[in-house]
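Student: Residues per chain, in single letters:
2 protein chains.
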Amino acid sequence: MTIIKQEKTLFFFKNLQNIICNTFSKIDGKSLFKEDMWNTKKGYGRTRILKKGKVFEQVSVNFSHVFGKSLPKSSSNKKRDLENCSYQASGISVVSHPKNPYVPTSHLNIRFFLAKNKKRKTIWWFGGGFDLTPYYGFYQDVIHWHTIAKKICQPFGDDIYFKYKKWCDDYFFIKHRNESRGIGGLFFDDLCLPDFHSAFLFSKSIGKGYIDAYFPIVNLRKSYSWGSRERNFQLYRRGRYVEFNLLLDRGTLFGIQSNGRIESILSSMPPLVKWEYGWHPKPNSPESKLYTDFLPIKDWIDK
Amino acid sequence: MTIIKQEKTLFFFKNLQNIICNTFSKIDGKSLFKEDMWNTKKGYGRTRILKKGKVFEQVSVNFSHVFGKSLPKSSSNKKRDLENCSYQASGISVVSHPKNPYVPTSHLNIRFFLAKNKKRKTIWWFGGGFDLTPYYGFYQDVIHWHTIAKKICQPFGDDIYFKYKKWCDDYFFIKHRNESRGIGGLFFDDLCLPDFHSAFLFSKSIGKGYIDAYFPIVNLRKSYSWGSRERNFQLYRRGRYVEFNLLLDRGTLFGIQSNGRIESILSSMPPLVKWEYGWHPKPNSPESKLYTDFLPIKDWIDK
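Chains as they are written, first to last, in the working numbering: chain A, 85 to 387; chain B, 85 to 387.
Watch out, some of these pointers could steer you wrong.
Since the list gives no way to pick out one identical chain from another, each pair is judged satisfied if it fits inside one copy or across any two copies.
List time: in silico EDC-like cross-link candidates among lysine to aspartate or glutamate, alpha-carbon distance up to 16 Å [claimed, not checked]:
| # | residue 1 | residue 2 |
| --- | --- | --- |
| 1 | Lys136 | Glu360 |
| 2 | Lys203 | Glu314 |
| 3 | Lys118 | Glu360 |
| 4 | Lys183 | Glu314 |
| 5 | Lys89 | Asp279 |
| 6 | Lys234 | Asp165 |
| 7 | Lys118 | Glu91 |
| 8 | Lys366 | Glu314 |
Since the hints were made in silico from the structure, they are not lab data. Only a predicted model underlies this, so the values are computations on that prediction, with no experimental measurement involved.
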């Protein structure tokens, strides 16, 4: 029988939140995170937001631990028979909206679910992943991102990277635009095999992997000069981010369906967004390269 | 037996589109509508967008007529057994995003559905309404808006205004914010009584009523002076509009579920939007009055 150590997951989430916030603050050099500790009948959390930084326009690094009596459908990829079953969900969610359009937006999520099924048996699983949303693509960055992703998956099996990379591509696909949200990364869900220890270890690797994957890219691109052209494209593309999060994202839906703290749930929204009817990038422009060279799903790393 | 005159509804929608576009262009005085005629396997339409006007930052006035083999759930308020039943949907949708934050955003929709149920019987209904979303509320405007709404309902029965006003309040409620989208108006659906002629007549009144209700308000407020404070509040409140449209609006969902023309469907999105974590208006500020005096659902007109 596998032994579940929930307190260790909670410690890990909170510790990872500290590490990630420190890393963002250090690289930003101007703004610090403001923290809101919250506590309701449904749970508690630590929402941390960095606003109007030098490098980042906004970053949210949120920890929460919530309880409920009936698991919303959006909680799992599987069609589980867990309606009217009590549950706990804890986790960390990170979304960064950089100022410089040459720095990509990033997203990290790691979550741990505990529920009692109708036979009163405890079931549990981890889910999460990280994905990158560039405005202007750089092969070097995408290869770096996926190399780290592959590296952290390697100890868990040769096929793991490819499996979770594909899941990420599938999940972050904006069907109504026939477009990927970004260049992908890793996405996993319902992970409870082979045992708690291994599944937790993998989830921990995701946290470390995000840090190793994202910040070198930020450092490399944060000093690129940009103007209103790049800014406009960034604001326009952020519209896709909003469309994905509000129309398709299971995490956002779960938060709303479970009557979560709305300001925390929607702290993933970009601070400023543009929509423009009928806008298309000019052929062969740097903006069009995002659509032709980076968003189409491909194998960034050979098998 | 009621006689359905579909060609008359199509003529009405297109004619109303012309009238509304002319009225917007005239009041704007700077920008004209650009038209996209589109034609796909699933239908055709006439999307008209006014951008970067003097009075309006963006207005979309869209006509469409689409066909499908299985009616999406979002097409009707009722739980109809119309899956795998062929249908047609036609209608007009208007969303205006004014530049001046003292001018409210407005929305009009009128739609006509024709479907064949499983017994091969033709069923049909009208739906639609109009609602107003102010940034800064004025009692005079709200009373005017609801007075027109009541006036156009009057010939159809004493209770009609109150019934459709309540439906509008219920429909445009942003549950996750515990806030109304605006100050309401009229909303109706599944209207096929007492007969086609009367239901169509009511739908036509909605179109005329929108014009009579909205443009006097625009004329009254368009020259109010405003600055970055008002602009910021407008951009922030537009975030609620996006949240409603992408998370809750049946019209948007219908468009997406029926694989409609995405640029037309999302032409309701505001051109520029802000989100700010944890923002609240200062107590007793003009911004706070929106929340305390205008958004809470109330009877604007006595019975």
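Student: Tell me, which hint numbers fail for this structure?
Tutor: Going through the list in order, the structure violates hints 2, 6, 7 and respects the others.
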